[in-house]
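Visitor: This is what each chain is made of:
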Amino acid sequence: MNKYIALTKILLKNSSNSLNGDKRKRTKTIALWVVLAAAFAPTIVLLFKFISKAYDVLFQVSQQGLILALGISFVCIFVFFFGIFYSQNVLYFANDIESLLPLPFKQSHILGAKFTVALFYEYFTEAILLLPLFIVYGAKSNGTFLYYFYGLILFLILPIIPLSIASFIIMIIMSFTNVGKHKDKLKILGGIAAMLLAVSINIWMQKIGMSTSNPEEMLRMLRSGNNSLILVSNKIFPGSSIAAKALVLSSSFQGFINMLLFLGITVAIILIFLAFGEKLYFKGVVGISEISSKRKELTVKELKKSVSQNSSIKALTIKELKILFRTPIYFMNCILMNFLWPVFILIPIFTQPEMMNNIEEVSILARDPKFIGLIIGISLAASLFLSSSNGITSTAISREGKNLFIIKYIPVSYTIQLTAKLLSGIIMSTISIVMMLLVAVILIKPPVYLPIIILFLSLPAIVFISIVGILIDLNFPKLNWDNEVKAVKQNFNVVITLLIGVIIAAVIGFLVVKFEDYSFIISIALSLTLLIIDFVLYKFTMIKSVDIINEIEI
Amino acid sequence: MIELINVTKSYNGKTKAVDNLNLIIPDGEIFGFLGPNGAGKTTTIKMITGIINPVSGSISINGIDIRKDSIKAKKQFGFVPDNPDMFLRLKGIEYLNFMADIYDVGSTERIDVIKKLSERFEMINALKDQIQSYSHGMRQKIVIMGALMHNPSIWILDEPMTGLDPKSSYILKEMMREHADKGNTVFFSTHILEVAEKICDRFAIINKGNILFCGTFEELKEQFKEDKSLENIFLEMTGDE
Numbered sequence: 104m105n106k107y108i109a110l111t112k113i114l115l116k117n118s119s120n121s122l123n124g125d126k127r128k129r130t131k132t133i134a135l136w137v138v139l140a141a142a143f144a145p146t147i148v149l150l151f152k153f154i155s156k157a158y159d160v161l162f163q164v165s166q167q168g169l170i171l172a173l174g175i176s177f178v179c180i181f182v183f184f185f186g187i188f189y190s191q192n193v194l195y196f197a198n199d200i201e202s203l204l205p206l207p208f209k210q211s212h213i214l215g216a217k218f219t220v221a222l223f224y225e226y227f228t229e230a231i232l233l234l235p236l237f238i239v240y241g242a243k244s245n246g247t248f249l250y251y252f253y254g255l256i257l258f259l260i261l262p263i264i265p266l267s268i269a270s271f272i273i274m275i276i277m278s279f280t281n282v283g284k285h286k287d288k289l290k291i292l293g294g295i296a297a298m299l300l301a302v303s304i305n306i307w308m309q310k311i312g313m314s315t316s317n318p319e320e321m322l323r324m325l326r327s328g329n330n331s332l333i334l335v336s337n338k339i340f341p342g343s344s345i346a347a348k349a350l351v352l353s354s355s356f357q358g359f360i361n362m363l364l365f366l367g368i369t370v371a372i373i374l375i376f377l378a379f380g381e382k383l384y385f386k387g388v389v390g391i392s393e394i395s396s397k398r399k400e401l402t403v404k405e406l407k408k409s410v411s412q413n414s415s416i417k418a419l420t421i422k423e424l425k426i427l428f429r430t431p432i433y434f435m436n437c438i439l440m441n442f443l444w445p446v447f448i449l450i451p452i453f454t455q456p457e458m459m460n461n462i463e464e465v466s467i468l469a470r471d472p473k474f475i476g477l478i479i480g481i482s483l484a485a486s487l488f489l490s491s492s493n494g495i496t497s498t499a500i501s502r503e504g505k506n507l508f509i510i511k512y513i514p515v516s517y518t519i520q521l522t523a524k525l526l527s528g529i530i531m532s533t534i535s536i537v538m539m540l541l542v543a544v545i546l547i548k549p550p551v552y553l554p555i556i557i558l559f560l561s562l563p564a565i566v567f568i569s570i571v572g573i574l575i576d577l578n579f580p581k582l583n584w585d586n587e588v589k590a591v592k593q594n595f596n597v598v599i600t601l602l603i604g605v606i607i608a609a610v611i612g613f614l615v616v617k618f619e620d621y622s623f624i625i626s627i628a629l630s631l632t633l634l635i636i637d638f639v640l641y642k643f644t645m646i647k648s649v650d651i652i653n654e655i656e657i
Numbered sequence: 037m038i039e040l041i042n043v044t045k046s047y048n049g050k051t052k053a054v055d056n057l058n059l060i061i062p063d064g065e066i067f068g069f070l071g072p073n074g075a076g077k078t079t080t081i082k083m084i085t086g087i088i089n090p091v092s093g094s095i096s097i098n099g100i101d102i103r104k105d106s107i108k109a110k111k112q113f114g115f116v117p118d119n120p121d122m123f124l125r126l127k128g129i130e131y132l133n134f135m136a137d138i139y140d141v142g143s144t145e146r147i148d149v150i151k152k153l154s155e156r157f158e159m160i161n162a163l164k165d166q167i168q169s170y171s172h173g174m175r176q177k178i179v180i181m182g183a184l185m186h187n188p189s190i191w192i193l194d195e196p197m198t199g200l201d202p203k204s205s206y207i208l209k210e211m212m213r214e215h216a217d218k219g220n221t222v223f224f225s226t227h228i229l230e231v232a233e234k235i236c237d238r239f240a241i242i243n244k245g246n247i248l249f250c251g252t253f254e255e256l257k258e259q260f261k262e263d264k265s266l267e268n269i270f271l272e273m274t275g276d277e
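Those protein sequences? They're chains A and B, same order as listed.
Under the working numbering, the first residue of the first sequence carries the number 104, and numbering increases by one thereafter.
Under the working numbering, the first residue of the second sequence carries the number 37, and numbering increases by one thereafter.
A hint or two may mislead.
Here are the computed lysine to any residue pairs in the SDA-like style, where the Cα-Cα straight-line distance is at most 25 Å [claimed, not checked]:
| id | chain 1 | residue 1 | chain 2 | residue 2 |
| --- | --- | --- | --- | --- |
| 1 | A | K647 | A | K473 |
| 2 | A | K407 | B | T144 |
| 3 | A | K404 | B | T274 |
| 4 | A | K417 | A | V639 |
| 5 | A | K407 | B | K234 |
| 6 | B | K151 | A | K128 |
| 7 | B | K257 | B | R213 |
| 8 | A | K505 | B | L184 |
| 9 | B | K234 | B | S169 |
| 10 | B | K111 | A | I519 |
| 11 | B | K234 | B | D140 |
| 12 | A | K128 | A | I509 |
Simulated from the structure, these hints should not be mistaken for laboratory data.
A quick note: this is a predicted structure, and the numbers were derived from the prediction, not measured.
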């Protein structure tokens, strides 16, 4: 136990991105957060208002507990889903594992400590998704001390079950992929398999939820009042109704029993997880960083074939993409997502054949000239959002880490080097959007010109969010890391860029829907405006970058 | 030729890592840069290569100021950093090709250089594999090869012998000698005194950011007027007393 605590402390310290450092940087960081908070304040106020309104409505049929039940089950499924991503990053791909293996730790010590670090990050998720619900419900229902006490405990232990299950799945997959010669490639395949599995489990669970919830029974439950709808949450994530009941009934003995039950289940799952880990974890971890090598002679013929002269910008862009594709953590976080969006869309269609009918309706709409403007506008917003989500440019500087010095001694101007980084992001985002358009073409069969127009009008949006990403990362690079997870996953620049992407996409979407009649013209105008902004922003970033990079001394 | 004139570097405006340093490294010489850990060796090398900027003073490489005309100045030298863990996900051949692109080396020229260097360092069997799979010494060798792709007149090597096996180390020393004898400059840092003693034409000893000595080994012995080994002299000079 002592060893577990010591290791957890070290890992947490190592991963904390503290605010110390020089003063200017600190003020810059704080300023950024203030701006972001101000930008989100209206949304947060709106959110609180919405929750309390929902409470009032549900209170009339005495089903207000549904708020907590849905919140809790949603957090669980969210943590489970992203836990699949996250736990393979932290448990397996993070290369600090190499320095931990020679130390006299039990498998469960390392697993437990790393799991705890992952757990801490889930508290951020909870703070956004669950905290507002807890607070509003507590205030509205005049929550007692016990309510808040149970709430605190639940907040702390809620992610454990979904994260354990996610980690368990990963552990099993990784113990199979860590064999043979081509471990590095197998690992990536294993990662993809795990993600697909997560998507399927998710859909499967929802399907079960749907099939058992026939309207009549739902209505009966609704009418019976007494927070009976809490049970519905079990269909989203099994067991979450126990946690919800503990809170809703916190003032009665029943609440206590439910709390105890939930605690018991959590402890049992931790113990099972660690027991399996003690047997499985090292199987997947030992030798994880081995790379296949052939040590075969490079013949003169091969040499001549593999050597070709490129401009420095092309060479840099290719290098950037090769590193993104070949480093498992970068591949999982920055590249795979670009190809996965279409899969997310396709899976529910294949599993639920009745959706085909809906698609046919959409297909008819897509051919109706009346809606073309709307479709283009929404696609523009979607492209901007998609490009903001891959995190390639928003970690472009951070990914260099301690090797940032290389940028400074090679005889290529910072402008060209940054442009190459930008290009790598723009290329991947464009591929992502082309993939989506291809799926759309196959499913919806729109007129030929439509996807082409969408692609052209989307390009300025892709470029725009890519520059925004690199501008943020230039100003707040996270360079002091010892494993790649910290550069791309535990990097707030990705979140900030994503938020900016969401906000601007929302604004575009709003404008197009609000002024539907002029949506075609608005879409073109927005795209042109973005083009002009791109130009100015690019110039600005390049001028700024010289001083910024000069000042980074690592 | 590398020229450092009144170069000062401080961190946080207080601790002086390098204090008013003057150093001229002429052509045709192997110049060693000696000093204990944390003496300012790597800081000085980082300033010469443009990785960090001095607070004051000027640095020029073959007469070109590293800050005013940085791209041109950077093309003058080949640099081997103290840690060869870079571009690990690239294959050896891809890395060399990349460096050649960066330094504008023509296609036929680069094939010749790659052939020559990989034979000399016995790396021909490793070039198709990712650098990640290399041992420390092999990584050191591939970085050296990358730095020499454009046949620079000035070599700047930070602890180049670390991790090299005796044979590779011998070959590198031999190459350094050949390069200097052709009238070029080799500037390298080390704390292995025997290496410095054997191959340097001249060397400087730096401690706490100050140059304590700059000259040949004979000059150093003369200055001390005693028949001490370089090790003893070094320990005496850099000691606390």
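Visitor: Under the constraints set out in the numbered hints, which ones does this structure not fulfil?
Guide: 1, 3, 5, 6, 9 and 11
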